[in-house]
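Asks: These are the residues of each chain, in order.
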Amino acid sequence: MTNPVDPALASSLSAPASEVPAQQRQSEAPSNPSQPQPSKESGKPKKEKKEAKPKDTKDATPATDGPEKLTGAELKKRAKAEKAARRAKEKSDREAGGAPAPAGGPAGGGSGAGAGGAGQPATPKKGQPAGGSGAGGDKGRGLPRRPSGQASGQPSAAEQKKKAEEKNVAVFGHLYGQQRRATVAGAGKEVHPAVLALGLQMRDYVICGSSARCVATLLAFKRVIEAYATPLGTSLSRHLTTHLSHQITYLSTCRPLSISQGNAIRALKLAIASIDPSVPEADAKGTLCEFIDSFIREKITVADQVVAGSAAQKIQDGDVIVTFAGSSLVKQTLLSAHKQGKKFRVSIIDSRPLFEGKNLARSLAKAGLDVQYSLMNGISHAIKDATKVFLGAHAMTSNGRLYSRVGTALVAMSAKERAGGVEVPVIVCCETVKFTDRVALDSIVVNEIADADEMVTTQPPQQVTGLPDPAAAAAAAAAESSSDNKKKASKTPVPPTNASSLEPNPALKHAPSPLKDWRDTPNLQLLNLMYDVTPAEYVDMVVTEMGSLPPSAVPIVHRMSTSL
Amino acid sequence: MPSTSLALTPGLASFLKSLKTNQIDTSIDNLISLLKRRQIRHSRSCATATAYLLLRVISACRTTDAVKLIERVQSVGRRLVAAQPREMVVGNIVRRVLGLIRDEAEDDREADFNLSEAGSESQPQTPRVPDDASDVPSTRLDGSTARTSLTSMFSLLSHPEPEPSLPGTPSSASPSGRVPGPSKDIRAEVMEGINEIIDELGQVDDQISAYALDHIHSNEIILTHTSSTTVQKFLLKAAAKRRFTVIIAESFPNNHEATHSTVSGASANDEETLSTESFQKPLIAMGITVILIPDSAVFALMSRVNKVILGTHSVLANGGLVAAAGTRVIARAAKVHQTPVVVVSGVYKLSPVYPFDFESLIEYGDASKVIGYEDGDLVDQIDVQNPLYDYVPAELVDLYITNLGGHAPSYLYRIVSDHYRKEDIHF
Chain A
1 MTNPVDPALA SSLSAPASEV PAQQRQSEAP SNPSQPQPSK ESGKPKKEKK
51 EAKPKDTKDA TPATDGPEKL TGAELKKRAK AEKAARRAKE KSDREAGGAP
101 APAGGPAGGG SGAGAGGAGQ PATPKKGQPA GGSGAGGDKG RGLPRRPSGQ
151 ASGQPSAAEQ KKKAEEKNVA VFGHLYGQQR RATVAGAGKE VHPAVLALGL
201 QMRDYVICGS SARCVATLLA FKRVIEAYAT PLGTSLSRHL TTHLSHQITY
251 LSTCRPLSIS QGNAIRALKL AIASIDPSVP EADAKGTLCE FIDSFIREKI
301 TVADQVVAGS AAQKIQDGDV IVTFAGSSLV KQTLLSAHKQ GKKFRVSIID
351 SRPLFEGKNL ARSLAKAGLD VQYSLMNGIS HAIKDATKVF LGAHAMTSNG
401 RLYSRVGTAL VAMSAKERAG GVEVPVIVCC ETVKFTDRVA LDSIVVNEIA
451 DADEMVTTQP PQQVTGLPDP AAAAAAAAAE SSSDNKKKAS KTPVPPTNAS
501 SLEPNPALKH APSPLKDWRD TPNLQLLNLM YDVTPAEYVD MVVTEMGSLP
551 PSAVPIVHRM STSL
Chain B
1 MPSTSLALTP GLASFLKSLK TNQIDTSIDN LISLLKRRQI RHSRSCATAT
51 AYLLLRVISA CRTTDAVKLI ERVQSVGRRL VAAQPREMVV GNIVRRVLGL
101 IRDEAEDDRE ADFNLSEAGS ESQPQTPRVP DDASDVPSTR LDGSTARTSL
151 TSMFSLLSHP EPEPSLPGTP SSASPSGRVP GPSKDIRAEV MEGINEIIDE
201 LGQVDDQISA YALDHIHSNE IILTHTSSTT VQKFLLKAAA KRRFTVIIAE
251 SFPNNHEATH STVSGASAND EETLSTESFQ KPLIAMGITV ILIPDSAVFA
301 LMSRVNKVIL GTHSVLANGG LVAAAGTRVI ARAAKVHQTP VVVVSGVYKL
351 SPVYPFDFES LIEYGDASKV IGYEDGDLVD QIDVQNPLYD YVPAELVDLY
401 ITNLGGHAPS YLYRIVSDHY RKEDIHF
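As you go down the protein sequences, you meet chains A and B in turn.
Numbering follows UniProt numbering, with no gaps: position 426 of the first sequence is 426.
Numbering follows UniProt numbering, with no gaps: position 2 of the second sequence is 2.
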């Protein structure tokens with residue numbers, strides 16, 4: 001963040017030479033406290049690049065400063081022209097559908113980003129050295145920022161964009177900003193491989209759930225820190241934060257960060273900032289890794305155990321517990337209650353398109369619990385004989401509302417509005433790391449929109465299993481047996497089998513989903529929300545590692561836990 | 001090959017086709033098994049099949065004795081209802097036919113009474129003694145208009161013309177008007193009444209949609225659930241005049257495919273929907289923005305919704321309704337957000353049953369739709385539930401729109417008593 005200077009410096013450097021000059025440059029500009037950047041920083045996050053686009057003129061200006069060192073106004077002009085050409089190229093590339101030019105991959109992205117970054121006032125630090133490389137070395141290379149983002153391989157970008165916007169639900173227009181990244185292509189080269197992988201895992205819901213994402217992020221950052229070497233001329237406490245923020249930016253383009261991730265990152269940055277610059281790098285890194293480990297242990301691992309332990313005490317023999325989707329904490333709670341020998345039944349309500357409850361059902365059933373499973377349409381039936389509702393949380397907001405997987409609010413509401421009269425207590429299991437000082441009134445202002453294509457119906461079972469449909473199999477068997485009876489060669493029955501298995505399928509089972517072409521169907525929109533906000537009055541109790549609280553206590557606990 | 005196999009699939013169409021050729025008892029058994037196997041399932045299909053079957057039953061009955069007719073219809077009706085007690089429209093149609101017969105019989109009795117008063121004979125129990133051919137039809141007609149105004153609104157429209165002419169020229173009208181002489185039998189009248197019911201079933205959605213503009217204003221955001229033809233027609237009618245946005249919850253395991261194809265206008269491969277509805281334009285073709293959401297997102301969006309419009313499976317006399325599973329939470333969420341809930345339903349779905357045991361109204365469906373075969377290992381270990389219907393209590397509904405107009409839920413009992421006779425409620 002520190003160096004406002006560098007755009008100028010940066011622009012002067014040519015890409016291949018960047019490493020050496022960078023150091024020179026550092027020495028040249030010692031007055032500036034800012035960290036001189038190692039060449040690895042040069043590939044900057046694509047995001048900046050994007051924003052840079054409208055700022056052509058600004059970009060050009062800083063560029064002018066640079067060249068004077070090397071040559072004169074002539075060079076300046078040339079740089080300008082080059083830049084213009086590059087931008088034009090870039091634009092046309094983008095319009096061409098964003099398929100990255102092979103060479104353009106990470107390197108092109110990096111350099112381009114650098115150029116953009118240089119011009120960007122908001123985040124000057126990021127752009128610095130990168131800017132140099134970009135301005136100098138780049139000869140009109142196409143830099144595909146996010147290939148998959150806006151354009152999925154179709155002709156005109158403008159048209160494409162307009163089309164995409166038509167598919168955005170108007171009310172949620174503000175949430176469509178961040179398209180999820182499709183590949184690692186275009187990621188800055190300072191992004192650690194562990195983080196690259198994590199990003200994709202989070203995007204694909206391989207790592208899903210607020211705590212899991214938080215732990216995985218911290219572990220990945222631990223590896224980042226272990227692999228980190230403080231560049232010359234700066235101190236770890238100053239530069240590591242910047243380095244991490246690249247990782248964070250990358251992660252957030254894969255999937256918006258969860259509240260718990262945000263809290264953990266904030267704590268980590270605080271820990272980094274509080275490191276004395278005089279401490280040797282190895283010690284500092286050791287301290288940080290230690291901090292991460294203890295954060296995970298205290299805020300999540302042990303906290304989970306405490307929460308599960310105290311929530312399990314709320315379960316009594318004969319209870320019917322209703323839960324929604326697949327909270328890891330609720331799972332832990334139920335399993336520990338089961339281990340204590342309590343006899344109770346669990347009713348899991350699940351929803352499209354993630355079906356997180358299936359995994360919960362599977363692991364509970366394996367542990368020997370009595371599990372009932374239904375989808376959203378069965379809520380009112382499942383809730384009828386419920387005695388308690390346990391819910392997981394993505395976050396608890398400061399106004400006591402529960403921010404959790406979409407559908408949670410319906411479950412909580414059903415528990416509170418049962419026609420029979422008796423209300424079912426709704427208990428939320430939540431570590432304090434998920435508390436936030438944000439407030440939410442509805443589920444529209446703050447939310448996350450997942451890819452709507454997830455809602456297009458899944459494959460028919462046959463395709464999954466690869467088995468022919470029963471009728472075809474029967475026909476085949478019949479053909480086979482008849483052929484056997486006749487002592488014919490076994491080859492004759494084969495062709496009919498194939499024919500029969502192919503024919504009925506298209507008609508009966510393999511009919512493509514009617515939504516297949518939804519993106520080309522005017523006026524049709526699909527909305528795949530991730531979260532909803534449950535009013536505080538539906539929540540009776542929040543079980544945290546600091547005790548069981550009413551939802552109104554959330555802001556107090558949050559203040560306590562963050563000020564510690 | 002696919003086309004032939006589809007044509008052979010038992011369903012409403014095949015049943016109606018076979019009805020003409022088959023023996024009456026075969027047809028009854030046929031419908032019973034179709035109902036039992038749920039090969040006829042939507043309310044309207046069940047109602048239509050029942051009405052056509054009863055039409056056949058009446059016409060095959062070689063008696064003109066109302067009591068015997070009633071007995072016959074009752075016995076058929078009992079078997080049908082026993083075959084699928086949760087398909088309440090079957091019972092409703094049977095009750096209406098019984099009501100028709102009773103009305104006819106009463107009219108006849110009145111006629112007889114008039115005759116006997118006039119001094120000809122005293123044969124009060126035999127319903128038809130058409131001594132005076134001219135007198136009987138006219139009184140009967142008077143009675144029938146009074147009766148039909150109760151059974152069906154649109155007999156109001158269809159009947160009035162013959163009435164004035166007949167009494168005026170009794171001698172000329174009686175031979176030409178209807179089956180004359182001794183064979184004048186209440187069967188013809190009843191069959192005519194049944195045909196009216198069938199007509200009503202065909203037109204009910206259009207009649208309901210006529211009220212659409214009274215309920216939908218411009219720029220409204222309307223939430224609905226599953227793919228009800230009635231709701232679609234209702235919205236389409238309004239779409240012709242007004243711009244609004246429709247949010248559709250897909251009702252996942254049981255009806256999402258139909259919902260998807262309704263929404264996208266892509267042809268459904270379901271033979272049942274391959275009737276007139278499949279030629280209907282989808283809402284999106286009318287320039288209406290349609291947003292498809294998973295069922296779970298209903299609460300999140302409810303704060304933006306102006307009105308919830310729901311279809312239903314059947315309506316109960318207390319104003320509650322039995323509708324596709326998931327409807328109840330939607331209605332509940334609407335209540336919480338103070339959003340009005342409107343239920344559109346034909347009068348034929350209105351059942352005189354007061355629900356005491358809600359559980360008995362709920363049908364459970366195929367669990368493999370919830371947990372597919374690819375998760376077969378789970379099926380052994382867990383109890384998978386797939387309810388098809390929800391009971392929605394009356395207090396969650398703000399307005400019913402039927403083909404007779406809009407009603408408060410508390411008014412429904414009155415419509416019930418207009419349509420069904422007390423003695424038929426438990427036939």
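I should point out that these hints are in silico values taken from the structure, not numbers from a laboratory.
Mixed in with the good hints there might be a few duds.
No more than 20 Å apart at the CA atoms, straight line, and that leaves these computed lysine to any residue pairs for SDA-like [to be verified]:
hint : chain 1 : residue 1 : chain 2 : residue 2
1    : A       : LYS366    : B       : LYS307
2    : A       : LYS384    : B       : THR289
3    : B       : LYS335    : A       : LYS343
4    : A       : LYS516    : B       : VAL379
5    : A       : LYS343    : B       : HIS215
6    : A       : LYS366    : B       : GLY365
7    : A       : LYS343    : B       : ASP383
8    : A       : LYS163    : B       : LYS237
9    : A       : LYS161    : B       : THR289
10   : A       : LYS366    : B       : MET286
11   : A       : LYS384    : B       : ALA210
12   : B       : LYS369    : A       : ASN168
13   : A       : LYS516    : A       : GLU298
14   : A       : LYS366    : B       : ILE284
15   : A       : LYS358    : B       : LEU378
16   : B       : LYS335    : A       : VAL422
17   : B       : LYS237    : A       : LYS161
18   : A       : LYS167    : B       : THR289
19   : B       : LYS369    : A       : ASN523
20   : A       : LYS366    : B       : ILE70
Which bits of chain A does chain B cover? Going by a derived footprint, with three or more residues having C-beta under 8 Å, they are [claimed, not checked]:
hint : region
21   : 225 to 235
22   : 349 to 361
23   : 369 to 380
24   : 406 to 415
25   : 519 to 529
Among chain B residues calculated to face chain A with C-beta under 7 Å, some are [claimed, not checked]:
hint : residue
26   : GLY326
27   : ARG328
28   : ASP383
Bear in mind that the values here come from a model prediction, so they are computed numbers and not experimental data.
Cβ coordinates follow ideal geometry from the N, Cα and C atoms, glycine included.
Asks: Now tell me, hint by hint, if it's right for this structure.
Replies: So, going through the hints one by one against the coordinates:
1. A:LYS366 <-> B:LYS307: Judged against 20 Å, a Cα distance of about 44 Å means the pair is violated.
2. A:LYS384 <-> B:THR289: Violated, at roughly 36 Å.
3. B:LYS335 <-> A:LYS343: It is violated: about 36 Å lies between the C-alpha atoms, which goes past 20 Å.
4. A:LYS516 <-> B:VAL379: 29 Å, violated
5. A:LYS343 <-> B:HIS215: Distance of about 52 Å is beyond 20 Å: violated.
6. A:LYS366 <-> B:GLY365: 25 Å, violated
7. A:LYS343 <-> B:ASP383: 16 Å, holds
8. A:LYS163 <-> B:LYS237: 28 Å, violated
9. A:LYS161 <-> B:THR289: The given pair, whose Cα atoms are some 18 Å apart, holds under the 20 Å limit.
10. A:LYS366 <-> B:MET286: It is violated: about 51 Å lies between the C-alpha atoms, which goes past 20 Å.
11. A:LYS384 <-> B:ALA210: Violated, at about 38 Å.
12. B:LYS369 <-> A:ASN168: It is violated: about 30 Å lies between the C-alpha atoms, which goes past 20 Å.
13. A:LYS516 <-> A:GLU298: Roughly 47 Å separates the two Cα atoms, so the pair is violated.
14. A:LYS366 <-> B:ILE284: Violated, at about 46 Å.
15. A:LYS358 <-> B:LEU378: Status holds; Cα separation ~8 Å.
16. B:LYS335 <-> A:VAL422: 18 Å, holds
17. B:LYS237 <-> A:LYS161: 33 Å, violated
18. A:LYS167 <-> B:THR289: Given pair LYS167 of chain A, THR289 of chain B holds - Cα atoms ~10 Å apart, limit 20 Å.
19. B:LYS369 <-> A:ASN523: Violated - the C-alpha atoms of ASN523 of chain A and LYS369 of chain B are around 29 Å apart, more than 20 Å.
20. A:LYS366 <-> B:ILE70: 58 Å, violated
21. 225 to 235: Not satisfied, violated; 0 residues make the cut.
22. 349 to 361: holds (count 5)
23. 369 to 380: holds (count 11)
24. 406 to 415: With 6 residues close enough to chain B, the hint holds.
25. 519 to 529: holds (count 9)
26. GLY326: OK, holds: GLY326 of chain B within 7 Å of chain A, min 4 Å.
27. ARG328: Holds, about 4 Å.
28. ASP383: Holds, about 4 Å.
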